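Visitor: Put chain B on the given structure of chain A with help from the hints.
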Amino acid sequence: MADTERTFFEYLVYVSENHSPLDFMLVADHIDKFFYGALLTIEITVLALFIGGVMAIPLAIVRAYRHRWLNAPIFGFTYLFRGTPLLVQTYLVYYGLAQFNFVRESFLWDPVLSSPWWCALITFSLNTAAYTTEFLRGAIENTAKGEIEAARACGMSPARVMRRIVLPSAFRRALPAYSNEVIFMLHSSVVLSTITLQDILGVGRWLNGRYYLAYEGFITAMLFYMALVFLISKGFRVWEKHWLGHLRARTAVEN
Amino acid sequence: MDSIWEYRNLLLAGTAVTVQLALASLALSVVLGLVGAAAKLAANPASQKIAGAYTTLVRGVPDLVLMMLLFYGGQQIANDLGSLTGLWDYVEINQFIAGVWSIGFVFGAYMTETFRGAILAIPRGQIEAGIACGMRPFLIFRRITWPQMIRHALPSFTNNWLVLIKATALVSVIGLHDLVWNASTAGRSVREPFTFMFAVLVIYLILTACSDVGLRWLERRYNVGVDRA
Chain A
1 MADTERTFFE YLVYVSENHS PLDFMLVADH IDKFFYGALL TIEITVLALF
51 IGGVMAIPLA IVRAYRHRWL NAPIFGFTYL FRGTPLLVQT YLVYYGLAQF
101 NFVRESFLWD PVLSSPWWCA LITFSLNTAA YTTEFLRGAI ENTAKGEIEA
151 ARACGMSPAR VMRRIVLPSA FRRALPAYSN EVIFMLHSSV VLSTITLQDI
201 LGVGRWLNGR YYLAYEGFIT AMLFYMALVF LISKGFRVWE KHWLGHLRAR
251 TAVEN
Chain B
1 MDSIWEYRNL LLAGTAVTVQ LALASLALSV VLGLVGAAAK LAANPASQKI
51 AGAYTTLVRG VPDLVLMMLL FYGGQQIAND LGSLTGLWDY VEINQFIAGV
101 WSIGFVFGAY MTETFRGAIL AIPRGQIEAG IACGMRPFLI FRRITWPQMI
151 RHALPSFTNN WLVLIKATAL VSVIGLHDLV WNASTAGRSV REPFTFMFAV
201 LVIYLILTAC SDVGLRWLER RYNVGVDRA
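Chains as they are written, first to last, in this note's numbering: chain A, 1 to 255; chain B, 1 to 229.
Since no wrong hints were added, every one of them can be taken at face value.
Coverage of chain A stretches by chain B, computed from C-beta distances (three or more under 8 Å per stretch; other residues unrestricted): (1) 89-100; (2) 177-190; (3) 201-212; (4) 216-225.
Distance condition first, Cα-Cα at most 27 Å in a straight line; then the derived DSS-like pairs of lysine-lysine: (5) 33/A to 234/A; (6) 241/A to 49/B; (7) 241/A to 145/A; (8) 49/B to 234/A.
Treat the hints as calculated values from the structure; they're not laboratory data. It should be emphasised that the depicted structure is a prediction, and the values quoted were computed from it without experimental measurement. Glycine residues also receive a C-beta, built at the ideal position from the N, C-alpha and C atoms.
Looking at chain A on its own, in the form it has when it is part of the complex (with noise of 0.2 Å):
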């Protein structure tokens, strides 16, 4: 093909369909489209991680204090929502509840319940809800004895004592193990592809059905993934550079 009217583009083309293994103008022109799946796994998670942690700080206070009534039926939520696949769990909300002709009957089926949308979002913030409990549990369960007795003695009431002195310093603690529930909730938001939704997976799994192809889809789908672990990590690099900047000095091995 010695033609000299093509132009550098239609060249371009005819490398990627023909000569490439993997046929990268395909996934250019469909490129927005990732980029709206990208917006929903990040609309998605974030909303999820911020609902969910909302949520876990008074639980995680009842549990660490172990309150006599709420700390069992807390304890029995966080180990159903630890012990069992967030798949399953997606499935039974979406899929599920639509068995129950009271819940296709009230005010809440049409907006809310019937949409996989909100479904994911309910799903995933109780959820990560259920983990970041457990880990705010700890942390505040290892405040030191000597800040606390500090602050009552200086005379802070103990919900004072909680906002000066116990959170903060556990938010701090907690803040290395919160970047991993962040980067989970971000791979676990995979499952939104299997109740209908275009998530990044979604949109890589429709490129590959609609031209049948093998990895395209699946491969750019990686990239923006690990492009996204890669702008998290960082993020909480510098926030841990910031916030535990004074105890960097005594860990004994740096990582």
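Guide: Using the frame of chain A, we list chain B on its own:
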């Protein structure tokens, strides 16, 4: 509840597939983890780089993406290679194998970190003492490194295993007839998806709770004779 009893064989068969998948992936991940830890601790910079790239890749990519890549893409690569070299005819990667390799690959990276940390936690002086007593490298590994490595690795190993069991649910998405797949099929056919998914939830809870109890027992056993503050 009657429908669950009616479909009990299907659910049990699915549970068996899930457990087999989890155990096979665990075996692969332990092997990859030991190799990865050895590579990270070796003095060779190249092996450190490769092991580092491996753990970074796994941390960056969700397991379902790798699984689909392997299941759909791996098949194509295997067949392209086969026809290119003429070494083998058509091969088919089934869902079970794709599941074992992708889950094993992912958790191999987590096991790498587990074993690396566990080996680093053994005081160097103990190994030197072993050498001073005239022990051979294998005897040192068997008597000093291995028992203590297990002890240090167990908490994180337990954690990895619990996450691994839950990760097996994803294999139903590529169509393996595991617990989740069987239950959702049965749930659809009798129009009781909630009942069946709830049964799956309970079965997973039993699996994780039993392994939790078992591994904690093992942890106590390997910690006999260790002083705890």
